[in-house]
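Those protein sequences? They're chains A and B, same order as listed.
Taking my numbering, I'd label the letters of the first sequence as residues 73 to 369.
Taking my numbering, I'd label the letters of the second sequence as residues 73 to 369.
Honestly, the hints are just simulated from the structure, not real lab data.
It cannot be assumed that every hint is accurate.
The list treats identical chains as one, so a pair stands whether inside a single copy or across any two.
What the hints assert, rightly or not - Below, a list of computed lysine-lysine pairs in the DSS-like style, where the Cα atoms sit at most 30 Å apart:
#: 1; residue 1: Lys204; residue 2: Lys354
#: 2; residue 1: Lys216; residue 2: Lys267
#: 3; residue 1: Lys176; residue 2: Lys143
#: 4; residue 1: Lys332; residue 2: Lys120
There are 2 protein chains.
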Amino acid sequence: MRFDDIVVKAKESKKVLSVACADDDTVIKACYDAYRENLCTPIFVGDKKKIEEIIEKNGLEEGLFEIVDEKDRAIACEKAVKLVRDEKADFLMKGFVDTSVLGKAVLNKEWGLRTGNLLSHVSLFEIDRYHKPFILTDSGFIIKPDLDMKVNIVNNAVTVMRKLGVTNPKVSILAAIEKVNPDMVETVDAQNLKKMNTEGKIKDCIVDGPLSFDVTVSKESAKHKKVESDVAGDADIMVVPDIACGNIMAKTMIYWTNCKFAGVIVGAKAPVVLISRSDNEKNKMMSIAFAASIGKF
Amino acid sequence: MRFDDIVVKAKESKKVLSVACADDDTVIKACYDAYRENLCTPIFVGDKKKIEEIIEKNGLEEGLFEIVDEKDRAIACEKAVKLVRDEKADFLMKGFVDTSVLGKAVLNKEWGLRTGNLLSHVSLFEIDRYHKPFILTDSGFIIKPDLDMKVNIVNNAVTVMRKLGVTNPKVSILAAIEKVNPDMVETVDAQNLKKMNTEGKIKDCIVDGPLSFDVTVSKESAKHKKVESDVAGDADIMVVPDIACGNIMAKTMIYWTNCKFAGVIVGAKAPVVLISRSDNEKNKMMSIAFAASIGKF
Numbered sequence: 073m074r075f076d077d078i079v080v081k082a083k084e085s086k087k088v089l090s091v092a093c094a095d096d097d098t099v100i101k102a103c104y105d106a107y108r109e110n111l112c113t114p115i116f117v118g119d120k121k122k123i124e125e126i127i128e129k130n131g132l133e134e135g136l137f138e139i140v141d142e143k144d145r146a147i148a149c150e151k152a153v154k155l156v157r158d159e160k161a162d163f164l165m166k167g168f169v170d171t172s173v174l175g176k177a178v179l180n181k182e183w184g185l186r187t188g189n190l191l192s193h194v195s196l197f198e199i200d201r202y203h204k205p206f207i208l209t210d211s212g213f214i215i216k217p218d219l220d221m222k223v224n225i226v227n228n229a230v231t232v233m234r235k236l237g238v239t240n241p242k243v244s245i246l247a248a249i250e251k252v253n254p255d256m257v258e259t260v261d262a263q264n265l266k267k268m269n270t271e272g273k274i275k276d277c278i279v280d281g282p283l284s285f286d287v288t289v290s291k292e293s294a295k296h297k298k299v300e301s302d303v304a305g306d307a308d309i310m311v312v313p314d315i316a317c318g319n320i321m322a323k324t325m326i327y328w329t330n331c332k333f334a335g336v337i338v339g340a341k342a343p344v345v346l347i348s349r350s351d352n353e354k355n356k357m358m359s360i361a362f363a364a365s366i367g368k369f
Numbered sequence: 073m074r075f076d077d078i079v080v081k082a083k084e085s086k087k088v089l090s091v092a093c094a095d096d097d098t099v100i101k102a103c104y105d106a107y108r109e110n111l112c113t114p115i116f117v118g119d120k121k122k123i124e125e126i127i128e129k130n131g132l133e134e135g136l137f138e139i140v141d142e143k144d145r146a147i148a149c150e151k152a153v154k155l156v157r158d159e160k161a162d163f164l165m166k167g168f169v170d171t172s173v174l175g176k177a178v179l180n181k182e183w184g185l186r187t188g189n190l191l192s193h194v195s196l197f198e199i200d201r202y203h204k205p206f207i208l209t210d211s212g213f214i215i216k217p218d219l220d221m222k223v224n225i226v227n228n229a230v231t232v233m234r235k236l237g238v239t240n241p242k243v244s245i246l247a248a249i250e251k252v253n254p255d256m257v258e259t260v261d262a263q264n265l266k267k268m269n270t271e272g273k274i275k276d277c278i279v280d281g282p283l284s285f286d287v288t289v290s291k292e293s294a295k296h297k298k299v300e301s302d303v304a305g306d307a308d309i310m311v312v313p314d315i316a317c318g319n320i321m322a323k324t325m326i327y328w329t330n331c332k333f334a335g336v337i338v339g340a341k342a343p344v345v346l347i348s349r350s351d352n353e354k355n356k357m358m359s360i361a362f363a364a365s366i367g368k369f
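Please take these sequences and the hints and turn them into a complete structure.
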């Protein structure tokens, strides 16, 4: 499934989007765009006065969407989360609030959206030099995952891929090299993840690693390096060692290649859309469409 | 100075290249190409029989270059290094031998090429979406540098940039974010490196960090994010947290953007050319030209 198909699929069943701390120019404009494209109907939770000012300032149609007035950021997150829990909304969006504050609300034991899974960030990329969309993870939420967290990161990405129609996705655990080196923890983790996959502890996918980026995306490179791998040149999911690496790699693609891109936090009952001030309009829309098409976990 | 200028400069004073463990198809072919382009004259140190077989097999002119016969890898590295020490060669190239074995020979206390500097890898990139060539470091030699090593990595890159005619280069210490977070060691290191630069402990450059990739390469992004930095959108040198990140970022550019690329280990008296089996002909040549134009440290 390519990006255009994802947008088409997302439009099929227009969903309600609960926006936590919506008083943010970029977020409100993206929501209006998404509504106009028939992707979703937003409910804005946040400082009503500020939200209305932003709507007016940007010349957007007034009175179109429900606004839940709540100035306190933590309580606004709680109210936004409860809209999803109470099935008044289908998915969440982060507005003008720290990701950690929203994450805490999502994971609240009494009224949150816990599933027992770790929350992790998945980025979907479609790039002109690669033959299919792929997920990069985690480039936006977990700072330095240990082995257990990486198992969850893989599982979350596999679940998302399955929702996009890709069964048994190929997962590359990225590193600088293909050999295991005890001084490079990411190569040791890769070996363990591969073993867990072989032993059936990580299911519904084919895991290989450590693999370099070139082997991950190029069968030719794998042949040159004499690396035999079902994942080589055909990865659906690329797992990076940590957030610094993932973020730098993602930004390199976003700034220096022709690509489409969408980023969402998954693992809770509902996906959480994260858009950045520096994303372009197209990518903001893609993130909303991607989250809408993932649906409930 | 752009890549084409570097090649022109390298041709001005044709240098002698000492090749350690030259019995490698890719390396020998690259040396012949570089010789034909007037970049250097190689001396092959390694298994003479194998070297001659490779030359014959590839239909290359026989008897053109000096061959020093030495089957033992460590001793071949020693002999190749001594050619540079004895001023019979100007720079080194890694053939069919582990980087660590060659590194050990280069750093030998009695007959090596020590300068007191750390050895580090610098990659020079020229990419169509950025306005000038830049150095990425370290994406090929140092696995996980600590703060002291990063000081040396910055110094080595600044020295190389100065040799290319760039005085007072702008250095970005890359991370996922612009804020210092104690859970992200690269952001703490970045803050320290910036401070050392301000205090005059890292000289002849402008260091800023932590900076995200987007702020590093885009003034627009810096403006959006309200980051004030002389380095923003105009970095000459990008310092990555570790080799995994650097390698993945470098390969993303090499495989998915239009770029020219050259990689060399510096810090010893003479630069060491490293080419990879998967580099294309152009990039192999660029690495030799880049090393030739750096000259002695």
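Item checked: In rising order, the numbers of the hints this structure does not comply with -> 4
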